[in-house]
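Trainee: Residue numbers (our numbering), protein chains in the order written: chain A, 22 to 351; chain B, 665 to 959.
Don't read these hints as lab results, they were simulated from the structure. As the structure is a prediction and not an experimental result, all values here were calculated from the model. All residues carry an ideal CB built from backbone N, CA and C; glycine is no exception. Please note: incorrect hints may appear among the correct ones.
For each label pair, taking beta carbons as the anchor points, the in silico distance ranges come out as [unchecked claim]:
#1 B:T754 - A:T224: 31 to 37 Å
#2 B:A675 - A:E221: 52 to 58 Å
#3 B:R705 - A:A202: 36 to 42 Å
With the C-beta cut set under 10 Å, the calculated list includes, among others, these residues of chain A facing chain B [said to hold, decoys possible]:
#4 L28
#5 M144
#6 H164
Listed here are the chains, written in short residue letters.
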Amino acid sequence: MTLTLELQKQKERSTVVAQTVFLGLGLALLLLAPLFFYPVFLMKILCFALFACAFNLLLGYTGLLSFGHAAFFGGAAYFTAHAIKEWGLPVELGLLVGVAGAALLGAVIGFFAIRRQGIYFAMITLALAQMFYFFCLQAEFTHGEDGIQSVPRGHLFGFIDLSQSSNMYYFVLAVFIVGIAVIWRIINSPFGMILKSIRENETRAISLGYSVRNYKLAAFVMSAALTGLAGGLKALVFQFATLTDVGWQMSGEVILMTLLGGIGTLIGPLFGAALVVTLQNYLATSEFPVTIVTGVVFMVCVLLFRRGIVGEFYNSRLGRRLGFEHRHKH
Amino acid sequence: MTTIFGIPLQAFLGQLLIGLINGSFYALLSLGLAIIFGLLRVINFAHGAQYMLGAFIAWLLLAHFGIGYWPALILAPLLVGLIGAAIERTMLRRLYSLDPLYGLLFTFGLALTVEGTFRYLYGASGQPYATPALLTGGANLGFMFLPIYRGWAIVFSLFVCLGTWLVIEKTKLGSYLRAATENPVLVQSFGINVPFLLTLTYGLGAALAALAGVLAAPIYQVSPLMGSNIIIVVFAVVVVGGMGSIMGAILTGYLLGVAEGLTKVFYPEASNIVIFVIMAIVLLLRPAGLFGRDA
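Can you make the complete structure from the sequences, with help from the hints?
Mentor: Put into structure tokens, the structure is as follows:
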């Protein structure tokens with residue numbers, strides 16, 4: 022008895038050590054990355070990684086597949102860009118406007134979508150996001166096909182010049198880390214446990230007395246708000262907001278990133294995003310269209326690779342020996 | 665000049681007609697989706713791509729082999745149906761035991777691949793497809809001018825929808841399908857080859873989408889994007905109708921097509937989104953859909 026307890030403790034300790042080492046390595050890599058890679062490329066990865074992690078909060082931890090997250094991503098990009106360019110708000114407040122707008126949009130879309138489950142949920146989010154797309158196409162402030170261009174990056178806290186790409190990179194990295202920390206906090210809180218129980222068995226969660234609807238809506242709004250943070254950040258990095266970010270293809274892209282990286286893993290989507298963005302950059306110079314590759318990767322992932330990169334690692338012999346567990350059912 | 669609610673009768677009827685035509689395609693496509701979903705529990709995201717494929721095959725047959733509209737109306741659905749059956753047999757089948765979301769994601773990837781390939785080969789712009797000689801020209805109905813092909817599209821789609829409904833409700837094959845929808849294990853224990861039924865159903869659904877595509881070719885431009893433009897609207901139609909009933913899917917398709925057409929008369933700015941708005945209202949009042957049975 023004491024032996025098994027001792028073993029368990031040992032295992033837990035080694036897990037903590039392994040995770041700390043991985044975390045430290047990852048942070049060091051992210052801090053040093055601009056020495057080796059083009060900063061805008063890295064910032065693009067971080068924006069999409071945050072987007073995918075926020076999306077994963079819903080798919081991986083609550084079991085809800087939203088096919089409309091582009092509305093929050095692209096919508097927040099528009100809100101932030103408009104707030105900074107037209108209202109002259111400082112960067113921090115501009116991002117906040119994007120987050121608040123995305124959260125509000127999430128509350129509205131979520132309110133309708135949670136009335137149905139499973140496959141219907143996906144179709145409703147897709148349809149409502151498409152409706153928002155048409156709104157953006159026709160609304161005045163989005164400038165239709167042109168989008169909002171040359172958004173100034175401005176100064177963070179009034180004195181850090183974000184037009185310098187290295188400053189901008191570390192700002193994006195900081196926001197990314199804060200975003201991930203928030204997601205980590207959510208999924209490891211009692212609230213997050215209830216979300217997971219909804220994912221595993223919704224009927225049982227209801228019978229235990231939880232108002233599943235409210236929990237789902239809350240998760241949806243949180244995911245939308247964090248997605249909005251990523252969208253606003255992207256508008257700052259590229260200094261424009263366009264219709265591409267609200268289109269349904271974008272909703273598909275974020276699903277692919279999450280699936281590829283590992284549904285229901287905290288940092289899997291980071292790897293998925295890095296891979297997809299790299300692929301897009303690589304193919305952008307060639308004639309070959311990205312959609313074909315994306316489509317094929319999608320099919321292969323669904324058929325053969327449902328755990329994703331990080332999920333496969335967690336389930337590999339090495340991953341299990343290091344004490345990572347991956348309990349998401351596939 | 666006669667007016668109705670302050671709108672010239674001509675414009676009113678013209679939009680009503682366009683609404684009926686769009687509705688015909690919504691009905692055909694949501695019918696196929698409902699059939700596939702009923703048995704396979706898969707939302708076929710590739711339905712739009714299969715619709716586009718039907719139109720493109722008709723166009724390719726004409727451009728490269730000189731094969732006209734009428735043979736294409738049979739050949740294209742046959743071909744797409746066979747491709748669909750092959751995909752079901754080799755890939756889609758592996759996903760039945762999993763969460764239904766994986767079926768949606770797989771067919772989404774399939775749609776992207778097919779669409780991307782055609783965009784790569786033929787560009788994003790549309791190709792015109794000539795109206796078959798037999799159906800060119802128009803008929804003056806006294807109160808409006810009806811292009812004959814459009815009339816044909818409405819009548820033919822109505823015929824196909826009702827035909828499919830009859831097959832499912834009144835024939836032996838249809839009773840097998842319905843029984844397998846209710847309880848596949850029990851049906852299989854009676855010695856009926858359920859896996860074959862599944863393949864057949866997916867092929868049939870894909871063929872229906874392709875048939876709609878051929879029918880649409882002379883009306884809309886044949887373009888790689890025609891499928892993804894329509895499929896999201898059809899999803900909304902399916903949410904409104906609920907996928908529990910075949911007739912429900914058909915009726916909702918026509919109904920929403922007409923609603924969209926009429927919105928174009930009274931408030932054109934909203935015509936893009938009216939179906940989504942209706943969907944939201946239905947979700948508030950009757951979350952299971954107008955004809956839905958599931959909880």
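Trainee: Taking the hints in turn, state whether each one holds.
Mentor: We went through each hint and held it up to the structure:
{"no.": "1", "hint": "B:T754 - A:T224: 31 to 37 Å", "result": "holds (34 Å)"}
{"no.": "2", "hint": "B:A675 - A:E221: 52 to 58 Å", "result": "holds (55 Å)"}
{"no.": "3", "hint": "B:R705 - A:A202: 36 to 42 Å", "result": "holds (39 Å)"}
{"no.": "4", "hint": "L28", "result": "violated (35 Å)"}
{"no.": "5", "hint": "M144", "result": "holds (4 Å)"}
{"no.": "6", "hint": "H164", "result": "violated (17 Å)"}
Going down the numbered hints, you'll see the structure goes against 4 and 6, while the others check out.
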